[in-house]
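Number of protein chains: 2
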Amino acid sequence: MTNPEIRRATAEDVPAIVDFLADDELGKTREAPGDPCYAETFAAIAADPNQFLAVVDDGGAVVGCLQLTFIPGLSLKAMWRGQIESVRIASSRRGQGLGHVMIDWAVAECRRRGCGLVQLTMNKSRTDSHRFYESLGFEATHEGFKLVF
Amino acid sequence: MTNPEIRRATAEDVPAIVDFLADDELGKTREAPGDPCYAETFAAIAADPNQFLAVVDDGGAVVGCLQLTFIPGLSLKAMWRGQIESVRIASSRRGQGLGHVMIDWAVAECRRRGCGLVQLTMNKSRTDSHRFYESLGFEATHEGFKLVF
Numbered sequence: 081m082t083n084p085e086i087r088r089a090t091a092e093d094v095p096a097i098v099d100f101l102a103d104d105e106l107g108k109t110r111e112a113p114g115d116p117c118y119a120e121t122f123a124a125i126a127a128d129p130n131q132f133l134a135v136v137d138d139g140g141a142v143v144g145c146l147q148l149t150f151i152p153g154l155s156l157k158a159m160w161r162g163q164i165e166s167v168r169i170a171s172s173r174r175g176q177g178l179g180h181v182m183i184d185w186a187v188a189e190c191r192r193r194g195c196g197l198v199q200l201t202m203n204k205s206r207t208d209s210h211r212f213y214e215s216l217g218f219e220a221t222h223e224g225f226k227l228v229f
Numbered sequence: 081m082t083n084p085e086i087r088r089a090t091a092e093d094v095p096a097i098v099d100f101l102a103d104d105e106l107g108k109t110r111e112a113p114g115d116p117c118y119a120e121t122f123a124a125i126a127a128d129p130n131q132f133l134a135v136v137d138d139g140g141a142v143v144g145c146l147q148l149t150f151i152p153g154l155s156l157k158a159m160w161r162g163q164i165e166s167v168r169i170a171s172s173r174r175g176q177g178l179g180h181v182m183i184d185w186a187v188a189e190c191r192r193r194g195c196g197l198v199q200l201t202m203n204k205s206r207t208d209s210h211r212f213y214e215s216l217g218f219e220a221t222h223e224g225f226k227l228v229f
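Keeping their order, the protein sequence lines are chains A and B.
Using the numbering used here, read the first sequence as starting at 81 and increasing by one per residue.
Using the numbering used here, read the second sequence as starting at 81 and increasing by one per residue.
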C-alpha cells in the first residue's frame, strides 16, 4: 500500500462509495448501485457544513470511505460530538491496517472540529469490528436502538 | 397534565433545558448550569437546519426536551436518518406518559423530514429506558461505542 490520502468525497466518488456499501455482508441486499437517489443525497451531504463524507484515495483509486457528522448538543457541558457512520474498505485492501489509519484520521478530525467525544454504532452481528474499535480505545457503553419505517 | 405543545427551543429555553440535563442520575455530575458554553452551542444548534432542539411547553412551563439530528447518508439506498439525543423530562412530570408523547412526536417529525429510520443510543445503565423504547417498537440491534477525549 502506498501512502493513501484521506480527502472530502466529490460527486465523482459516489459510484465507488456505493459499490463499497453494496460489497458487504449486510449491505449486499440493501443497496441499488446506479440509482439516482445516491447523487441526490450526496448533494445534501456536500451542502451541510456539519457533514464530512471522506474517501481514502490511494494514487487515484478510491479504496475506502467513512462519514463524519459533527453534532452540537447541550449535554456534557455543551459538548460537540463527532459521529462516524458507513466505514467501508475495498475488499482487496482489508487486513492491511487501513481501517486503523482511517479511524485515527476520523478521531483527529473530530478533535480538530472541537468535539469532546466520538461515537458510532455497529450492528451486533459485526463481532470482528467490535474488537477492532475496542482495540482503538472505544468502549461499548451504550445500546444502539433503531426503528426502521 | 394539560395538552402540551412540542415546539422548537429558543435561547430563552436554554436554562430550563440545562436544568433538566443536570437533574439526572448520570447528568448531575457532568453539567454546569449558568456556564456560557450552553448559549454558544445553542447558537450553533439554532443555525443548523438539520438540528431540531425541541421543548415540551405545558402552558408556558418547559417540562421536557429532546434533540433531533437529521443525517443524510449514502447507505441503505441513500436514506436519511433521524437521530434522537438528550431526551429529558422534568422530574415532576415523569410517569405520566409524556415520554411516549415526545417519542411519537419525534418519530413523526423524522418521517415528515423524509427519514427512513430513527436511531438513538442509550447508556446501558438506563435499563428502564431500554424497556420503554422497546415498547415503542425500537430494537436494540446495535452496540453503541464512545471514545471520550
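Everything labelled a hint here was simulated from the structure, so no lab data went into it.
Mixed in with the good hints there might be a few duds.
Which copy is meant is left open, because identical chains are indistinguishable; a pair holds if it fits in one copy or across any two.
[Claimed, not checked] Straight-line alpha carbon distances no greater than 27 Å define the calculated DSSO-like cross-link-like pairs of lysine-lysine that follow:
hint, residue 1, residue 2
1, Lys226, Lys204
2, Lys108, Lys204
3, Lys108, Lys157
Right, here's what the structure says about each hint:
no.: 1; hint: Lys226 to Lys204; verdict: both (12 Å within a copy, 15 Å between copies)
no.: 2; hint: Lys108 to Lys204; verdict: within (17 Å within a copy, 30 Å between copies)
no.: 3; hint: Lys108 to Lys157; verdict: between (41 Å within a copy, 11 Å between copies)
In summary, the structure agrees with every hint in the numbered list given earlier.
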